[in-house]
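**Student:** So the chains spell out like this:
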Amino acid sequence: MDSLITQRDSVNSWMFRYGVRFGIYKNGEFKEQIFPFDAIARKISGREWQRLERGLIQRVKALNLFLNDIYGDKKIVKDNVVPEDFVYSSKGYLPFCEGLTPPKNVWSHISGIDLVHGKDDEWYILEDNLRIPSGASYPLIAREITRNVSPETFENNAICDNRNYAQLLKNMMEYVKKDGINVILTPGRYNSAYFEHSYFAEKTGAILATGQDLYVEGDKLYYKTIGGEKQLVGVVYRRISDEYLDPMVFNSDSLIGVPNIMQVYKAGNVAIVNAPGNGVADDKGIYYFVPKMIKYYLNEEPILKNAPTYLPFYEDDKKYVLENLRRLVIKDVAEAGGYGVIFCEKLSDEKFNEIKNLVISQPRRWIAQEVVDFKELPIFEGDRIVERKADLRAYVISGEDTVVWKCGLTRFSRNPDSFIVNSSQGGGFKDTWVMDN
Amino acid sequence: MILEFEQKSVSRFSQPVKNHAFLLRCKPYENIIQRLVSFNAEISGCNMIFAQKDSFGNNVIFSNINDYHDSFTLKTSGKVEVLETNKDTFLNPIFCYPSPLCIWDNEMADFALKCSNSNIEDTVKKICNFVNNRIKYKTGTTCVSTNSLDAFTIGCGVCQDYSHVMISMLRSLKIPARYVAGYVKGLTVSHAWTEVYYDGFWHGFDATENSSQLDGYIKIAIGRDASDCPLNRGIFVGNVSETVEIEIKVKE
Numbered sequence: 001m002d003s004l005i006t007q008r009d010s011v012n013s014w015m016f017r018y019g020v021r022f023g024i025y026k027n028g029e030f031k032e033q034i035f036p037f038d039a040i041a042r043k044i045s046g047r048e049w050q051r052l053e054r055g056l057i058q059r060v061k062a063l064n065l066f067l068n069d070i071y072g073d074k075k076i077v078k079d080n081v082v083p084e085d086f087v088y089s090s091k092g093y094l095p096f097c098e099g100l101t102p103p104k105n106v107w108s109h110i111s112g113i114d115l116v117h118g119k120d121d122e123w124y125i126l127e128d129n130l131r132i133p134s135g136a137s138y139p140l141i142a143r144e145i146t147r148n149v150s151p152e153t154f155e156n157n158a159i160c161d162n163r164n165y166a167q168l169l170k171n172m173m174e175y176v177k178k179d180g181i182n183v184i185l186t187p188g189r190y191n192s193a194y195f196e197h198s199y200f201a202e203k204t205g206a207i208l209a210t211g212q213d214l215y216v217e218g219d220k221l222y223y224k225t226i227g228g229e230k231q232l233v234g235v236v237y238r239r240i241s242d243e244y245l246d247p248m249v250f251n252s253d254s255l256i257g258v259p260n261i262m263q264v265y266k267a268g269n270v271a272i273v274n275a276p277g278n279g280v281a282d283d284k285g286i287y288y289f290v291p292k293m294i295k296y297y298l299n300e301e302p303i304l305k306n307a308p309t310y311l312p313f314y315e316d317d318k319k320y321v322l323e324n325l326r327r328l329v330i331k332d333v334a335e336a337g338g339y340g341v342i343f344c345e346k347l348s349d350e351k352f353n354e355i356k357n358l359v360i361s362q363p364r365r366w367i368a369q370e371v372v373d374f375k376e377l378p379i380f381e382g383d384r385i386v387e388r389k390a391d392l393r394a395y396v397i398s399g400e401d402t403v404v405w406k407c408g409l410t411r412f413s414r415n416p417d418s419f420i421v422n423s424s425q426g427g428g429f430k431d432t433w434v435m436d437n
Numbered sequence: 438m439i440l441e442f443e444q445k446s447v448s449r450f451s452q453p454v455k456n457h458a459f460l461l462r463c464k465p466y467e468n469i470i471q472r473l474v475s476f477n478a479e480i481s482g483c484n485m486i487f488a489q490k491d492s493f494g495n496n497v498i499f500s501n502i503n504d505y506h507d508s509f510t511l512k513t514s515g516k517v518e519v520l521e522t523n524k525d526t527f528l529n530p531i532f533c534y535p536s537p538l539c540i541w542d543n544e545m546a547d548f549a550l551k552c553s554n555s556n557i558e559d560t561v562k563k564i565c566n567f568v569n570n571r572i573k574y575k576t577g578t579t580c581v582s583t584n585s586l587d588a589f590t591i592g593c594g595v596c597q598d599y600s601h602v603m604i605s606m607l608r609s610l611k612i613p614a615r616y617v618a619g620y621v622k623g624l625t626v627s628h629a630w631t632e633v634y635y636d637g638f639w640h641g642f643d644a645t646e647n648s649s650q651l652d653g654y655i656k657i658a659i660g661r662d663a664s665d666c667p668l669n670r671g672i673f674v675g676n677v678s679e680t681v682e683i684e685i686k687v688k689e
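Sequence order for the protein chains is B and R. Throughout the first sequence, residue numbering follows the working numbering, covering 1 to 437 in sequence. Throughout the second sequence, residue numbering follows the working numbering, covering 438 to 689 in sequence.
These aren't lab readings, by the way, just hints derived from the structure by calculation. It is possible that some hints are incorrect.
Claimed, not checked - Every beta carbon over 10 Å from chain B, so not counted as near; a handful from chain R, in silico:
id : residue
1  : C533
2  : F567
3  : D636
4  : R661
5  : D665
Said to hold, decoys possible - Estimated spans, in silico, between C-beta atoms of each pair:
id : chain 1 : residue 1 : chain 2 : residue 2 : range
6  : R       : T576      : B       : K74       : 33 to 43 Å
7  : B       : Q362      : R       : L528      : 24 to 34 Å
8  : B       : K91       : R       : T590      : 19 to 29 Å
9  : B       : L298      : R       : S514      : 52 to 62 Å
10 : B       : E315      : R       : S514      : 48 to 58 Å
11 : R       : S582      : B       : K43       : 46 to 56 Å
12 : B       : E315      : R       : R449      : 32 to 42 Å
13 : B       : I355      : R       : I469      : 46 to 56 Å
14 : B       : R364      : R       : T590      : 21 to 31 Å
15 : B       : R327      : R       : L528      : 51 to 61 Å
16 : R       : T680      : B       : L298      : 36 to 46 Å
17 : R       : P453      : B       : E335      : 39 to 49 Å
18 : R       : P537      : B       : G72       : 20 to 30 Å
19 : R       : V677      : B       : I40       : 51 to 61 Å
Cβ atoms here follow ideal geometry from the backbone N, Cα and C, with glycine treated the same way.
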């Protein structure tokens with residue numbers, strides 16, 4: 001790895017030229033930033049990866065079954081495994097999807113599962129992202145550049161090739177699609193992940209389109225070519241969230257969606273990747289129930305653990321949470337991206353009491369978790385190596401089979417005191433080497 | 438009882454528009470207590486109309502007009518048969534929970550609690566009466582996206598707001614309630630009322646009229662609240678102002 005490290009400045013300058021960046025909104029202003037890359041890769045042994053792989057596949061299978069059940073027979077609710085409250089008062093629950101079955105029964109085609117590696121050597125799941133998990137392009141492009149800058153690193157280390165990601169995406173799209181072409185639907189170049197949308201379109205051979213390029217005629221979806229020809233669309237990998245997808249059934253102010261696309265979907269004439277309505281399964285409240293889902297649907301013991309979580313919704317848990325609040329993390333179930341996460345240990349007394357009262361008055365709104373002391377990874381800060389908290393987002397693709405991409409996005413916090421590693425909170429990333437041994 | 442209806446709505450644009458996509462709920466709801474005998478729809482400038490049911494079982498009609506046009510006319514007519522029945526119907530639990538436009542606070546829940554007693558029908562009637570007194574009918578004070586809490590706070594609104602407030606108060610007591618949009622004998626515009634689930638089926642209540650005798654009511658669409666079942670939605674290309682005229686006639 002040494003040769004790679006000595007050339008890290010050159011890697012970052014290539015990243016800059018490729019345009020590897022992400023946009024963030026801060027104080028109402030849109031800024032594009034470079035997503036800082038750290039040259040010291042995270043290594044995961046082949047043996048450890050196998051266990052992760054099995055655990056992730058198991059989890060994603062259960063989540064897909066859950067989505068199918070919730071919008072269908074609702075057995076898990078009727079059997080009192082998941083309380084109704086957590087389903088029907090979830091913001092991600094879409095009544096529109098009631099009774100719907102997506103093509104080939106796949107709901108979460110691309111799942112981004114966030115994990116941390118605890119100091120006890122156990123991997124803990126922090127969050128499931130089943131809507132439009134982003135970020136896979138970063139490690140892909142970092143690998144491409146590092147391979148060019150330091151080919152010997154990859155000759156001398158048995159590192160699993162990660163270049164098949166686009167192929168995995170493509171295979172999945174080919175499997176679920178109806179008649180027509182493959183399209184990646186982007187909100188446009190001001191979106192924080194636009195770089196990634198264009199990168200995947202190029203790599204998978206799909207057409208990159210905005211809402212303006214697509215239109216519905218009858219119960220079919222078409223793409224308008226620059227020459228004015230129309231082409232039938234069979235699958236849309238959309239990078240637009242549910243509420244903006246179709247102004248006729250969701251947010252009527254949306255200008256980035258495609259009017260009546262949901263009618264085409266309902267008629268079974270197009271596949272939408274990921275399926276609309278998935279938000280009901282990656283809600284922070286539902287997270288608590290995922291291990292129970294695995295037992296319920298698959299009749300298996302969960303291979304990967306959740307971080308120890310309490311639901312103030314249950315009286316016993318509420319009592320425990322209120323007694324131990326000072327050392328717990330509180331998360332607002334409606335928030336994502338590292339927002340709405342409160343470390344109670346660091347709060348002033350005034351703020352602490354405010355949170356305590358909120359837990360008492362709106363128990364459904366929160367989950368509480370033990371602070372998982374997770375491993376630090378070495379990163380470069382100038383010429384010095386320092387230790388920082390890092391997580392891992394693993395990408396699980398569900399098509400004909402459910403497969404885990406042998407790589408992932410390792411994000412680290414730049415701030416030595418912070419446990420929050422989201423890119424929107426200013427962190428950086430590393431390559432993740434899954435070792436072939 | 439057989440009810441006949443005719444509906445005509447005309448939208449006029451100040452300048453021609455194009456790429457006009459629309460989705461309409463104008464075909465009556467069909468179930469065991471309302472049978473559709475006949476239905477006809479005509480849309481100016483559009484010869485292909487597509488029909489589907491939404492997840493609430495409402496009939497939806499959708500299509501698009503790509504060429505420039507300066508008006509949009511929808512004419513419908515038909516006959517429904519309203520049947521007397523008290524057959525058990527399926528209850529989807531989503532009608533027990535808050536929804537985008539039906540939310541409540543402690544004050545609303547307290548008022549609901551004061552109306553409640555062991556007799557559910559009586560409780561519902563008291564809430565219907567309470568809402569009818571509490572909200573003053575006044576157009577222009579609320580809009581289609583006003584939620585029940587805001588309508589309750591300002592104390593006025595239109596039929597949609599009466600229904601939303603009533604639904605929210607009932608749901609705060611864990612009584613399932615849903616929103617109904619439709620046509621009513623004697624009214625030339627569409628109306629909204631409430632259905633409440635107890636004794637195994639849905640019972641209609643009209644908080645605007647403080648009534649549970651809903652003779653001459655034709656159900657068009659249902660939902661958790663108005664945002665689930667707008668009667669028409671359209672989007673087009675053109676920077677224009679739009680005027681809409683609607684006329685509805687219902688007769689026995």
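**Student:** If I take the minimum Cβ distance from R/C533 to any residue of chain B, is it greater than 10 Å?
**Tutor:** 7 Å, violated
**Student:** How does the Cβ-Cβ distance of R/T680 and B/L298 compare with 36 to 46 Å: does it lie in that range?
**Tutor:** 58 Å Cβ-Cβ, so the 36 to 46 Å window is violated.
**Student:** Does 51 to 61 Å hold as the CB distance between B/R327 and R/L528, or does it fail?
**Tutor:** For R/L528 against B/R327, whose Cβ atoms are near 43 Å apart, the range 51 to 61 Å is violated.
**Student:** A range of 20 to 30 Å was offered for this pair. Does it hold for the Cβ distance of R/P537 and B/G72?
**Tutor:** 23 Å, holds
**Student:** Does the hinted range 39 to 49 Å hold for R/P453 and B/E335 at CB?
**Tutor:** For B/E335 against R/P453, whose Cβ atoms are near 44 Å apart, the range 39 to 49 Å holds.
**Student:** Report holds if the minimum CB distance from R/R661 to chain B is greater than 10 Å, and violated otherwise.
**Tutor:** Answer for R/R661: violated, closest chain B Cβ roughly 7 Å.
**Student:** Taking 46 to 56 Å as the hint, is the beta-carbon distance of B/I355 and R/I469 inside that range?
**Tutor:** 50 Å, holds
**Student:** Taking the CB of B/Q362 and the CB of R/L528, does the distance hold inside 24 to 34 Å?
**Tutor:** 26 Å, holds
**Student:** Against the range 33 to 43 Å, how does the distance between the Cβ atoms of R/T576 and B/K74 compare: consistent or not?
**Tutor:** This hint holds: roughly 40 Å between Cβ atoms.
**Student:** Within 21 to 31 Å or not, the Cβ separation of B/R364 and R/T590?
**Tutor:** Holds: the Cβ-Cβ distance is about 23 Å, inside 21 to 31 Å.
**Student:** Does the claim that R/D636 lies off the interface hold, with its Cβ farther than 10 Å from every Cβ of chain B?
**Tutor:** About 21 Å separates R/D636 from the closest Cβ of chain B, which puts it past 10 Å; holds.
**Student:** Has the hinted range 32 to 42 Å been met by the Cβ atoms of B/E315 and R/R449?
**Tutor:** This hint is violated: roughly 59 Å between Cβ atoms.
The structure fails hints 1, 4, 5, 12, 15 and 16 (numbered hints given earlier, in ascending order).
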